[in-house]
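Chains as they are written, first to last, in the working numbering: chain W, 1 to 384; chain H, 1 to 241.
Heads up, none of these hints are tricks.
Quick list of the computed label-pair ranges, beta carbon to beta carbon:
| hint | chain 1 | residue 1 | chain 2 | residue 2 | range |
| --- | --- | --- | --- | --- | --- |
| 1 | H | Glu19 | W | Asn270 | 36 to 46 Å |
| 2 | W | Leu4 | H | Asp135 | 23 to 33 Å |
| 3 | H | Gln143 | W | Leu4 | 23 to 33 Å |
| 4 | H | Gln143 | W | Asn270 | 27 to 37 Å |
Please keep in mind that the hints were generated in silico from the structure rather than gathered at the bench. Just so it is clear, CB atoms sit at the ideal spot from N, CA and C, and this is done for glycine as well.
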Amino acid sequence: MFELSIAERHILGNPRMVLFTVISVALAVGVIVVLIGLTEGYRQDLIDNTVENSPHVTVSPKEGEDYIYLYRTLTAIATEHPEVVAASPRLVGGAAAKHRDNVKGITFIGVDPLQEDLLLRVQEEVVWGDFYDLQFRRYAAVVGSALADDLELKVGDKFRITRLDASLQLTAVGIIETGTGLDRTLIYLPLGTAQQLLGEGDVVTEVGIRLSEIYAAPAIAADLNGRTLYKAESWQEKSRDVLEMLDTQQYYSWAFYLLIFFISGLGIVNTMIMIVSRRTREIGILMAMGASRGSIIKIFILESVILGPPSALLGGGLAHVAAKLIGTIEVPAEFYMTDRMTVVLDLGTFLYVALFALVVNFIAGIYPAFKASRLDPVKAIATE
Amino acid sequence: MTNIIEIKKLRKVYGDGVEVVALDDVDLTIKEGEVLSIVGPSGSGKSTLLNMIGLLDTPSGGEIWLKGQNITRATPKERARLRNKELGFIFQFHHLLPEFNAVENVMMPLLIAGVDRDEARDRAIALLQEVGLADRLMNRPNQLSGGQNQRVAVARALAGHPSIVIGDEPTGNLDTKSSDMIYELLRKLNRQMNQTFILVTHDMTMAEKTDRILRIVDGRIVCEMRRDGDEFVTQEICRAE
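Generate the whole structure from the sequences, applying the supplied hints.
Here you go:
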């Protein structure tokens, strides 16, 4: 195929111009792959975060009630499902904590430490002390790390927690660091202690359920809703808004990606027009030798398309480096879910973007190639 | 000898507002194997006539017949095919493709015709040997002299076994020695392969070596001289001029 060898020589004959074109497309590919990777990373972080740090199914009180009274029956029903790893009754409420002169508003969660650790792997996040002390000491508390700082509280210190008329003196037995905003407000208590503070008897506000198979959550929630009057909600339902927002955002992102490709496509068109105008006489000569219009079109589209794969590869390399760099940047955990942004570089995504880059190169080659094929050979040959 | 080209009442009018008649009802018959030269002042229409015969340009009126086939209204695709198969071009400047060496340049018309690469290479090498460039096969145009490049261009024009070779001032850019060499080469190839040569030239010394000289002025053939042995027989009309 003589068209290919001519295209190849043209490209090698204009190394600088070609290099800049390749770089422009590579940048487009790189930026798009990284942006997609960031969005995907955010989605995965969000899911991981949701799945790791909150119950897969949350059961709330019946309509019009504030508490779950028969929570033991409820957990028994829940654990009939083989996927249920833990069913942790939780009593969540607000109170004030005081240590020395420091007073802070807090959220307490009364739990059965065994079930709660199965539910959220709390022990792994305890940086000081032991979560299981809650099992053996009635007036013990595990305190969020930032809250402990605010209260100037250390493990072993006694502090006071107050809700309405009730007030208890507790001993800090552990410090927990989840890496989220909860660290500033959270205090874990034994369930009995929390119930004592609340004064409503043997009740909980929710039952958190962990599953071995996270995608079974909607089915199990539906089953519980069918069999009890409590309100069970899967993690997917709970984070539906944010997942939907991400989906919506994808549409805008695609418009943005198209624009990036459009701009880099214009760069290719420009280069190709330059090449065609530099090669006008040569095109005339090829026509005189009998090259058909189709062959001329082929030559210049090939030239444009040949630039695609190196651009895509270079873009992939750039994306890889950028992803590594982004991974090293620390972001405040309060703004994000973790202290690092994750860029998910998926080969499929890359191939998809690379293919798209090829299509852009192809489309960008059409107009210059068409113009070249319509040159008048007599005028083209006479060109200086 | 059979007629390879017949031109009947050929007209070419260029017009953007003011019309310029480049060719004015030209009639011309060219026989197979003939070596013909076209002379005339600049802008007389000789290159236009050559471009018509070379199927690079389309006439405004009249007809062109090539090997008994009316090609006046041939499609662009058909014209491209005929240029490739029946015609070879030699230009004033060699117009070789700068990124390709001598062999590759000569191979090009063959590759366009779809000839197998190895076969094209063999043919190109044989032709370059024929034009005396056996030791310059791998040189690119910028590594060759003007005369050498023009010889590569001749080899390229002949590569596809065309029945007609068209030269637009083929020696116009060369010194006398190289000019003579190119002309002798063309003449030798004409004798060997019986190809028809149509040459536009300013160089009367070269024109006088051809079989027939046409003089064009203002788009009309005003004089035709035909060789008869060593002499040229001139039409009456020429004397009147």
